[in-house]
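K.L.:
Going down the list, the protein sequences come from chains W and A. Quick note: the first sequence, position 124, residue 124 per the numbering used here, numbers continuous. Quick note: the second sequence, position 92, residue 92 per the numbering used here, numbers continuous.
FYI, nobody ran anything at the bench for these hints, they're computed from the structure. Among the hints, a few may not be true.
Covered by chain A, according to a simulated footprint, are these stretches of chain W (three or more residues, beta-carbon under 8 Å) [stated by the list, open to error]: (1) 7 to 20; (2) 26 to 33; (3) 37 to 49; (4) 89 to 101; (5) 110 to 119.
Counterexamples of contact, computed for chain A against chain W with all Cβ distances above 10 Å [claimed, not checked]: (6) Thr12; (7) His28; (8) Ile66; (9) Val79; (10) Leu103; (11) Arg112.
The structure presented is a predicted model; accordingly, all values stated were derived computationally and were not measured. Every residue, glycine too, gets a C-beta built ideally from N, C-alpha and C.
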Amino acid sequence: MPTTRPLSPHLGIYRWRVNMLQSTLHRLTGLFLCVGALLVTWGLIAAASSGRAWDIFAEFCASWIGLVLLFLWTWSLLFHLCNGLQHLLRDAGRGFGPAHRDRAFAPSYWSAGWVVIAISVALAVLVFILLALRMNGGAA
Amino acid sequence: MSAYPGQDGLRTPLKVARGLGSSKTGVHHWWLQRVTAVALVPLSIWFLFLLGGIIHADYSVVMASIGQPVHAIFLIVFVVCLFWHGALGLQVVIEDYVHTRWLETTLQIALRFGALLGALACVMAVLAVWLTGTAYY
Numbered sequence: 001m002p003t004t005r006p007l008s009p010h011l012g013i014y015r016w017r018v019n020m021l022q023s024t025l026h027r028l029t030g031l032f033l034c035v036g037a038l039l040v041t042w043g044l045i046a047a048a049s050s051g052r053a054w055d056i057f058a059e060f061c062a063s064w065i066g067l068v069l070l071f072l073w074t075w076s077l078l079f080h081l082c083n084g085l086q087h088l089l090r091d092a093g094r095g096f097g098p099a100h101r102d103r104a105f106a107p108s109y110w111s112a113g114w115v116v117i118a119i120s121v122a123l124a125v126l127v128f129i130l131l132a133l134r135m136n137g138g139a140a
Numbered sequence: 001m002s003a004y005p006g007q008d009g010l011r012t013p014l015k016v017a018r019g020l021g022s023s024k025t026g027v028h029h030w031w032l033q034r035v036t037a038v039a040l041v042p043l044s045i046w047f048l049f050l051l052g053g054i055i056h057a058d059y060s061v062v063m064a065s066i067g068q069p070v071h072a073i074f075l076i077v078f079v080v081c082l083f084w085h086g087a088l089g090l091q092v093v094i095e096d097y098v099h100t101r102w103l104e105t106t107l108q109i110a111l112r113f114g115a116l117l118g119a120l121a122c123v124m125a126v127l128a129v130w131l132t133g134t135a136y137y
């Protein structure tokens with residue numbers, strides 16, 4: 001959209017912070033999870049259709065490409081969840097405000113993003129370890 | 001040429017709008033996004049557990065699990081919040097990146113139809129399993 005007004009300085013002038021990565025990942029995982037909603041739709045319609053339809057869905061999920069996608073979806077969900085919780089906390093004003101933007105006063109404000117990312121990765125790995133244990137250990 | 005109605009030279013849209021009062025719906029999208037997000041926090045954690053239980057199970061187990069009234073009801077609430085929250089997010093992505101007017105309008109309409117269709121399909125599928133699968137348990 002053409003504008004006659006002067007533009008404010010663009011991305012290039014800002015020092016890199018982890019919240020930029022969080023913001024990008026939040027949008028990318030959100031987009032990816034929208035595709036995941038279609039997988040949920042497929043699964044539910046397959047279950048409602050027939051045992052054969054469910055088996056086709058289950059076969060896809062158990063294939064290596066299915067497993068890779070499921071892991072990425074699991075991590076995407078957990079990252080979007082953890083980062084979303086941080087959004088909600090800061091929307092509510094917790095740890096947010098001029099004072100917290102001062103690195104000396106609140107160093108955790110800027111590094112919290114690494115914690116969010118680390119927790120989401122750890123939880124995704126944990127979910128898949130539990131799933132693998134259940135598949136190998138449980139007869140059901 | 002001015003980019004916005006009422007824009008004149010260096011005067012910003014905000015300067016033009018200031019003093020005219022609130023349009024009353026400014027935070028509607030933002031608020032709905034938060035409300036559906038809050039609902040999805042417990043629902044998505046619960047969904048992961050449900051999925052872990054049925055992803056490699058027999059068809060009869062799947063039917064019995066989805067067909068449990070409590071599971072069925074929470075699944076319906078989950079998919080409605082999921083498609084709603086997803087549509088709100090995709091709406092912003094389209095607003096941000098698609099600058100061709102006819103394409104943006106087309107995508108926004110297609111997004112609403114798609115989200116409604118997806119949510120409706122999921123709800124009907126869960127209802128079908130719930131209401132016909134009682135023989136399994």
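K.L.:
Taking the hints in turn, state whether each one holds.
P.N.:
A quick look at each hint next to the structure:
no.	hint	verdict
1	7 to 20	violated (count 0)
2	26 to 33	holds (count 4)
3	37 to 49	holds (count 8)
4	89 to 101	violated (count 1)
5	110 to 119	violated (count 0)
6	Thr12	7 Å, violated
7	His28	15 Å, holds
8	Ile66	6 Å, violated
9	Val79	7 Å, violated
10	Leu103	14 Å, holds
11	Arg112	14 Å, holds
Violated hints for the displayed structure, listed by number in ascending order: 1, 4, 5, 6, 8 and 9.
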